[in-house]
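Participant: Please build the complex by placing chains V, R and S on the supplied structure of chain B, with the hints as guidance.
Residue numbers (the numbering used here), protein chains in the order written: chain B, 1 to 359; chain V, 360 to 1016; chain R, 1017 to 1332; chain S, 1333 to 1596.
Hints were generated in silico from the structure; no laboratory data involved. No residue lacks a Cβ here, since even glycine has one placed at the ideal position from N, Cα and C. A couple of the hints might just be wrong.
[Claimed, not checked] Label-pair distances were calculated between CB atoms; the ranges are:
(1) R1319(R) <-> K10(B): 23 to 31 Å
(2) R1409(S) <-> K10(B): 44 to 52 Å
(3) A1522(S) <-> M654(V): 36 to 44 Å
(4) I29(B) <-> A381(V): 38 to 46 Å
(5) R1116(R) <-> H669(V): 35 to 43 Å
(6) R1207(R) <-> S623(V): 52 to 60 Å
(7) R1319(R) <-> R1409(S): 55 to 63 Å
(8) D25(B) <-> M1001(V): 50 to 58 Å
(9) Q18(B) <-> T985(V): 30 to 38 Å
(10) D25(B) <-> G1342(S): 50 to 58 Å
[Unchecked claim] Capping the alpha-carbon separation at 25 Å, the derived lysine-lysine pairs in BS3-like fashion look like this:
(11) K1488(S) <-> K708(V)
(12) K1370(S) <-> K1433(S)
(13) K11(B) <-> K1488(S)
(14) K129(B) <-> K1413(S)
(15) K349(B) <-> K1433(S)
(16) K351(B) <-> K1493(S)
(17) K10(B) <-> K1488(S)
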Amino acid sequence: MLYRESGQFKKTYSADMQVFPLREDRVGIAIILFIAAVVIPLTGSNFFISTVMIPFLVFALAAMGLNIVTGYTGLISLGTGAFMGVGAYACYKLTTYFPGVPIVIWILASGIFSAAIGALFGLPSLRIKGFYLAVATLAAQFFLEWCFVRIPWLFNYNASGAIEVPTRWIAGVPVTGPTATPMTRYYVILGIVVLMTWVASNILHGRIGRSFMAVRDMDIAAELMGIRLLPTKLLAFAMSSFYCGVAGATMMFLWYGGGEASDAFNINQSFIILFMVIIGGLGSLIGCFFGAALLHIIPVMLKFGLPAIGIPLAGATAEHINHLLVGGLIILFLIVEPHGLARLWQITKQKLRTWPFPY
Amino acid sequence: MEQDASAALDTFPKWLAHQAHARPSRPGMRHKDLGIWTEWSWAEVAQNVRAYALGLMAHGLQRGDRIAIIGNNRPKLYWSMMAAQSVGAIPVPVYADSVADEMAYVLEHAEVKFACVQDQEQVDKILSVSDRLPNIAFVFYDEPRGLRAYDHSRLQAIEEVIAQGKGLMLADPEANRRLDAEIARGTGEDISVILYTSGTTGRSKGVMLSAGRCIAAARDTVAFDGLSDRDNVLAYLPLAWVGDHYLNYAQALIAGFCINCPESPETAVEDRREVGNTYAFAPPRVFEGMLTRIMIRMEDASWLKRKLFHYYMGVAKLWGEKILDGKPVPVLARLNYAIGELLVYGPLKNVMGLTTVRVGYTAGEAIGPELFSFFRSIGLNLKQLYGQTEAFLFVTCQKDDGVRADCVGPATPNVEIRIAEDGEVLYKSPGQFVGYYKDPEKTAETMTPDGFVKTGDAGFFEKDGQLRIIDRAKDVGRLKSGALFAPKYIENKLKFFPNIREVVAFGQGEEFVTVFLNIDLVAVGNWAERNNVSYGSYQELAGHPQVYDILAGHVAEVNRQLAEEPMMARAQVHRFLILHKELDADDGELTRTQKVRRGFIADRYASLVKALYDGSTEADISTEVTFEDGRKGVISARVKVMDATVAPVAAMPQAAE
Amino acid sequence: MLYNVLIDPFVQMGAAPDLFVQTIWEGLVAGVLYALIALGFVLIFKASGVFNFAQGMMVVFAALTLVGLHEKGVPAWIAVLLTLGVMAILAIAVERIVLRPLVNQPDIILFMATFGLTFIIIGLGEFIFGGEPKQMIATELGLPQGTMRFDILGGKVIIQKIDVAAAVIASLMIAALALFFQYTRIGRALRAVADSHKAALSVGISLNQIWAIVWFAAGIVALITGIMWGARSDVSFALQVIALKALPVLILGGFTSIPGAIVGGLIIGIGEKLAEFYWGPLVGGGIENWVAYVIALVFLMVRPQGLFGDKIIERI
Amino acid sequence: MVQNSTISPGDTLLKVDHVSLRFGGVKAITDVSFDIRKGEIRAIIGPNGAGKTSMLNVINGFYHPQDGTITYKGATRAKMKPYVAASQGIARTFQNVALFKGMSTLDNIMVGRTLKMKSSFFWQIFRHGPAMTEEIAHRRMVEEIIDFLEIEHIRKVPVGKLPYGLQKRVELGRALAMEPELLLLDEPMAGMNLEEKEDMCRFILDVKEQYGTTIALIEHDMGVVMDLSDRVVVLEYGRKIADGTPDEVKANQAVIDAYLGVAH
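Isolated chain B (complex conformation) (with noise of 0.2 Å):
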């Protein structure tokens, strides 16, 4: 309905293999950036921002590492919460040795070296297909669970035994510790994840992205086809895991601020992440925020929400519908639409372009 196509042809392939070919989508990405970066720190409450919307961008980011290596390239990973970690402590040792250094550069290093991590558990991944797989993922979750919890090295020695997140400045501005702003720190990860998003979509659009998606189709094909599977998968797991990594930095140093590390990125932390990628919808890049969105926005809603308007929630309980809900929603978008909410969405652009003509 709202899609007016005639008139909008393209001179150049560039143009025909631009990422938004149709005008409409161009201004409604546009129209989301505008409000992601002006409307909602204009109108969102501290409270809104630090709870809600922070949170929400840490886990698009997962899920985006998440989806590069389940839903492009088909391999499962449960190691998404360790290979978070590593990025975490990556750049909480970074930072304390070179703490001059801005820190939104070691967010963006600590994923060097999860994805190193990351491509070392994938290396499996040549001679073992499918669920197999998962038990390599989870072999990393453990062990790197257990490193956590057993190297002081890692959280230098401190008594609380986890990171204390040290107060980091950038042009005078304090972006972690405990005197940054929720404005400010909403700023830093929207822009990393705006940047992060442009560089998956740009990789995956590209021929790296469409080996990912030959190697998931059908991997015999593709490695007749000359695509060699085993540096394809650890690319894959490689990159996956640099999302990751950076997720579990930004979680810490822009969200946390140095809470308990063991709960952080423990085996649960994987099992969310991995249903926002299902929920969102397995290889795609809108799907991550849809799924990332709708399983965080949820529980923020039963803990805060339902109180606020008058229905009393003992904590735990709130906890158990939590898991229902989550559980039930799984099996129902595995039911209605497999693709899930990344689908539902294509599904209704489908639509408006052939109003109206059914779909």
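Facilitator: Positioned in the frame of chain B, the structure of chains V, R and S alone reads:
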């Protein structure tokens, strides 16, 4: 549009040079190829055409030679026309989908010396009849696909000819002057093109059109509709049809707007949507197809969409045309229509690629009034024009504000129209043809002593000065009772229903009117599928009793409409039958532009026509058919004949003469 | 450094044989329990090709239901029967709501659905029976208590009676299941469905009925596992992580063979305990929960299809 | 199409010597030898289960034979590796269409270009500069294949939605995108109607004539085999029972028995 002293521009090559000079960077031509639209500015088009002309001269093309153009709408074929005219040669476009021997007759009749064709398929056709074409010196092809192994002594790629021309241009400056001299030698009296009309009776005739007259006619209509170089047109009609030559060639060169060539006939609809043409021209058959597609797809839509669609179609029916014509409309209705524009008409036009159409014409055949007003009511500025090849198209055309469904408009500027006593329409226009090529008697036959051209169509002027075409002059007949019998008028009314694809009416000198009906396989097939009616073949579906009932309903409805019109009330359809096979151009039952060849059908299905009039309820028929790959076969069937319900005729005086 | 990683542990084994036997026994007991959980997985995978991630939760849920009913005054054995009834209802509900609509979806979708199931069962269990850990009612069920001491090999080996009972019950159940699969009519139908849903359907085996039966059988196994497990440590949702331990067992034993699950369970159990006891101190202990995966991983690199699985031949 | 190999048409491009392939006890191929000359259409025929597809998998490096050697472009190997085969210009279509369901026709064919695309990871991040110019150059080459196979109208349609005949054509396009010297076609016309078969034959002949590609063709339709192929090798129960021109093979009694069924 330039009003400067362009009287000197009396041939198309001169106009091309003018455009290249006046608007060098404006887009002249676009072609969707290999996934993207390649664009040539007017300067580049002129550049290529000049090189191409030099290349052709190098191959011995002289002034006055005929050069055939065979293929779909592709830039290189349009350039072939321009290049030929630059040298003073005469392009002869031929229908790409005509069978080898049809093409042979035209090429032989026009004594064609060269041929520019699209691809291997056309080259094979020419080679298969080369024995009948001794004087073909060279054939040039656009798509090299599969032709590498052919003997290239008399065969060459157009690309190479252009390259040769470019080489000549650089090597010898004298060549440029020689070409300019040739172009300058061209005058208004030169024959700029010979268009073979798909005559509904007998062999097609070669209509010679002179450059000066074509340009004069084109300039009038460019001014009439205010066409400018901001416009866009999608060239998808056959090259050999006057519609394409007028709109996509003559008017483009005069107004300087951009010609867009689609990737292939199959992707034309999608390409139209992409390029967003602002000036559209299509025979009624195309609009019929569009309407049928809309109706069928809407039936499959969800309940809400259907409800919304039908409600706003109602609103459009009431106010649509009035708003388009700028007539006074209550504010509330205008608001409601605006919502409809957002929800239904806008998206509908968008999906059909009509959003950006500023001016739309339909011609070639009379269009059913309901079909015409449907498109106008959703905001498409569709107008009627009446014309024919001999007039270089325009005879009458409607102004933006003077649009009526059942008339074809007043005379085009500078055109005089006279109605002969037997009702035939005569005209004298700046663009009329010089004569039929190598056929002086036929030319004399169609001209009146005082220089008017006989159209062969019967019609009369309405009170508001708009011409109303009844039918082919020779087809308009009288029933035994003396009542007027206009077969086309009745056929168009029946063809408005999506389920009916083609109609042939009979009644000349008979008691009453009877019709053959052809079902539309897509529409009726869709209905069958939804009501799970099983059918094995087209023939079985056509003979299905339920289909007969549906079509009987349609005939009854048309009879009711005819009953309300005094002239037509006594020409209602009394009996009808559904043909067991689709009328097809390959079997000679239709012309290349899908017009019914009434005489041919009458004697081919004589047994059925007899059954219609001798009261029998069914009749056997077996006809010879040519399949797609040329094999011949025989189809025989037993066809049911049914009586139609005739509406009561209000007592009225004897038909006014 | 290399010395005390490679050689020293074996020296210690030789020095204190009784400690060695004790660790082996602990490993065996843990192995049996892992095998029991793995058995639940194999049952469902063998019959429906679905890798039921929620099996671990079903164990906890069964145990919680049993204890919960008992707390509400229901005598022990009746509580057991009631729990079986609850498990039957759960089986039918799962088949109807989850499996039937997803019948021809790819395996990964069904695998993800069982994730959803896991969360629902956690939510349900906590909601009905509260979140705090509960004490298993081992005594009321007449399970032997206390320990047995054996003075052999120059030291003492302590064996819990409950573990012996667990081992006996486990082997009984394994034998019963083996017989069930091999010789009963439903058993054969189950194996047919496992090979190919379409073929089974074509001979008139009702898929829905079979899946309900299979999920119920897995429910029974879950209950028994819950009881055995609960007897050793309290019943709470912390068990969820331990259920994950069944994955390496399945990897080793192959997804479709019952003997594979048993042998795999024992290997992991013993391997884990030995590693914890001998190699643990070197790196600060607690390596129990990840060493199992490493064992499975190493094994997988050698034989990607597990102990008993058949070699995967890819045809295109 | 750059033909960099030094082998002139008519010479042996590929030679298979005494190849045997076993899966456990099952003997898929036993001691089969034959050669494929450059520029010819070599048909491999035989009843179902004769080992035709397995032979292609051996040439392609997907199965590794227990004994025998494969000589390709002069280099003799005991077993071919898929990556080596692909980079040396061996492309393949599959018996029951192995397309990437998650992608459109255009992307599927573009995957065929992956081997020829070299832009570094760095430029891929920005999808600008060398990465973009390379993508455009390869897109242009793929468009020529789309034009060649006349599938412009399904350029952006996900392959999962295409009818069988068109899927086969897209798969041929993907193989052609690798600019192969040796094209292995595994029953390209299975399940096609008469018109689609004629189109596919035309495409195969055009490929041979226009790109000079050597083609190994597995086909059951004898009419097609006799029309298209220069030489034919006949397999039965994993053994070679005949080798020669179509007419020789048609007259060979062993072949007739194999097809008309004589007790073995």
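Participant: Give a verdict on every hint.
Facilitator: Each hint tested on the structure:
1. With their beta carbons about 53 Å apart, R1319(R) and K10(B) fall outside the hinted range of 23 to 31 Å.
2. A C-beta distance of roughly 46 Å is found between R1409(S) and K10(B), which places it inside the suggested range of 44 to 52 Å.
3. At about 39 Å, the CB distance of A1522(S) to M654(V) agrees with the hint of 36 to 44 Å.
4. For the pair I29(B) and A381(V), the supplied restraint of 38 to 46 Å holds, since their beta-carbon distance comes to about 41 Å.
5. At roughly 38 Å, the beta carbons of R1116(R) and H669(V) sit within the given window of 35 to 43 Å.
6. In this structure the supplied range 52 to 60 Å holds for R1207(R) paired with S623(V), their Cβ-Cβ distance being about 55 Å.
7. The hinted range of 55 to 63 Å is not satisfied by R1319(R) and R1409(S), whose Cβ atoms lie roughly 27 Å apart.
8. Between D25(B) and M1001(V) the C-beta distance comes to about 54 Å, which sits within the given range of 50 to 58 Å.
9. A hinted range of 30 to 38 Å is violated for the C-beta pair Q18(B) and T985(V), which are about 48 Å apart.
10. D25(B) and G1342(S) have their C-beta atoms about 55 Å apart, which keeps the hinted 50 to 58 Å range intact.
11. Restraint check: the Cα-Cα separation between K1488(S) and K708(V) comes to about 22 Å, which is no more than 25 Å; the hinted pair holds.
12. Distance check on the hinted pair: K1370(S) and K1433(S) sit about 33 Å apart at the alpha-carbon level, beyond 25 Å; violated.
13. A distance of roughly 17 Å separates the Cα atoms of K11(B) and K1488(S); the hinted pair therefore holds under the 25 Å criterion.
14. For the given pair, K129(B) sits about 20 Å from K1413(S) by alpha-carbon distance, which is consistent with the 25 Å threshold.
15. For the hint linking K349(B) to K1433(S), the alpha-carbon distance of about 21 Å falls within 25 Å, and the restraint holds.
16. Between K351(B) and K1493(S), the direct Cα distance comes to roughly 17 Å. Compliance with the 25 Å bound is thereby established for this hinted pair.
17. For the proposed pair K10(B) and K1488(S), the alpha carbon gap of about 14 Å is at most 25 Å, so the pair holds.
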